[in-house]
Each structure stands twice: as structure tokens, then as C-alpha cells.
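K.L.:
Note that the protein sequences, when read in sequence, are chains S and W. Note that the working numbering gives residue 185 to position 96 of the first sequence, counting from 1, and the numbers run on in steps of one. Note that the working numbering gives residue 853 to position 84 of the second sequence, counting from 1, and the numbers run on in steps of one.
Honestly, the hints are just simulated from the structure, not real lab data. C-beta: ideal position from N, C-alpha, C; glycine also. Don't take every hint at face value.
Simulated pairs of lysine to aspartate or glutamate, DMTMM-like, Cα-Cα distance not exceeding 25 Å [unchecked claim]:
#, chain 1, residue 1, chain 2, residue 2
1, S, LYS141, W, ASP807
2, S, LYS138, W, GLU848
3, W, LYS840, W, ASP807
4, S, LYS189, W, ASP825
5, S, LYS141, W, GLU842
6, S, LYS189, W, GLU821
7, W, LYS840, W, ASP795
8, W, LYS778, W, GLU842
9, S, LYS189, W, GLU828
10, S, LYS166, S, GLU104
A few chain W residues that don't get close to chain S, going by computed Cβ distances all over 10 Å [said to hold, decoys possible]:
#, residue
11, GLN854
12, SER863
13, THR866
14, GLN872
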Amino acid sequence: GNSVTQMEGPVTLSEEAFLTINCTYTATGYPSLFWYVQYPGEGLQLLLKATKADDKGSNKGFEATYRKETTSFHLEKGSVQVSDSAVYFCALSAWGNNRKLIWGLGTSLAVNP
Amino acid sequence: NAGVTQTPKFQVLKTGQSMTLQCAQDMNHNSMYWYRQDPGMGLRLIYYSASEGTTDKGEVPNGYNVSRLNKREFSLRLESAAPSQTSVYFCASSANTEAFFGQGTRLTVV
């Protein structure tokens with residue numbers, strides 16, 4: 090079946106550090122891949138997405154590339170800010186799943202000044 | 770544009786009480802979802818509705834019922850609340866692949 094595995098947290102970084110959060114997936118066919126972000130006390134919101142192999146999604150300085158050969162969609166940012174402190178979720182959507190989103194468990198990021 | 774609106778934001782129930790969580794979206798989306806979020810367990814799908822008039826069980830449906838009242842509204846009912854249902858509940862809607870979430874309902878069952 091379809092599944093998403095993302096690195097466990099919490100991740101603690103200093104401001105301006107480089108961020109990588111790993112995400113790998115298992116899916117039949119060609120899923121769409123997403124990163125969502127949840128700020129404290131809020132619902133999830135879409136951060137970026139990619140719908141086919143080699144696509145790069147980007148937003149707010151974050152990037153992720155859809156790698157079919159390694160079934161990965163790692164989230165990166167070159168220089169994090171305190172305001173990036175949040176929980177990050179990787180997810181996929183595949184036709185065989187009635188298009189329901191399959192979620193990773195989330196990775197908590199804390200950025201210290 | 771309100772997006773997805775959930776009510777209430779907070780609720781405390783006694784064991785055995787019932788309540789309904791309300792959700793409405795104004796984006797004309799076909800699909801709507803109810804999730805619960807618990808520490809260390811990510812998001813778990815309770816029920817979903819692919820279109821008006823249809824509902825299906827997700828991963829953790831026991832103890833819950835849903836109603837897709839119309840295209841806009843999708844409610845979640847706890848008939849007899851249990852402490853294990855203490856959680857944060859999120860409603861979401863989608864038209865294609867991207868999902869839009871409400872702000873959540875923090876429910877405590879004592």
C-alpha cells in the first residue's frame with residue numbers, strides 16, 4: 090500500500106542554519122507529493138507540492154524535488170528563521186487511494202535565535 | 770474568503786456526553802475529511818466524504834459518526850465521549866489533490 094516515512098524530530102537549529110527534513114514514500118503509479126506546515130495553535134497549510142518526477146516545489150525559501158528513482162521528497166531551506174519553527178508534514182496523493190492524502194507523522198522544528 | 774470553518778475551537782466533555790463538531794467550507798469542494806491529531810501519531814483519518822451524499826470510514830472511525838449535510842457542511846458526532854477521544858480534531862476539504870484545513874477543535878474528555 091501507499092505510505093510516507095519522514096525523519097523523526099524534534100529538530101533544533103540555530104537561526105541561519107541549513108535545514109533538511111527527509112521524506113520517502115511508497116506508492117503505486119505516479120503520486121503527487123506535498124509538504125504541509127503547521128504553526129503553533131493552527132491548522133495545516135500547504136507549503137509546496139510537486140506533481141511529477143523531477144518537479145521542484147518551492148515557497149518561502151523552502152524547496153523539495155520529486156525524486157522517483159529514490160522515492161524521496163526531502164524538504165530543504167538554506168537559512169532558517171525563528172519564524173520557521175513549526176511542525177512539517179510530508180504527504181502523498183495517489184489515484185489508487187481514492188485521492189486521499191497519506192501522511193507522514195510530522196517533524197517538529199525549533200529554531201533558536 | 771473564509772475557507773474551512775470549524776466550531777467550536779475548544780470543548781470539554783464529561784465521559785458519556787455527546788457532541789457534534791461542525792465544519793463548513795465555502796470553496797465548492799467535493800471532498801471533505803475529518804482527522805484527529807495526537808502527539809507522536811500524526812494525522813489519522815476518521816471519516817471522509819468524496820461527494821455530497823456519500824461518506825466512508827477512514828483509519829479510526831470507531832466511536833464517531835458523520836453527516837454530509839450538503840456540499841458545504843460535514844459534521845462529526847461523538848455519541849458517547851470517552852477519554853481516548855481527547856484530541857485535536859481537524860476538518861479539511863479538497864477539490865483535487867491539495868487539502869485546505871480548518872483551525873482545529875481541541876477536545877478534552879474527562
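K.L.:
If you check each hint against the structure, which ones fail?
P.N.:
Those not satisfied are hints 1, 2, 3, 5, 12, 13 and 14.
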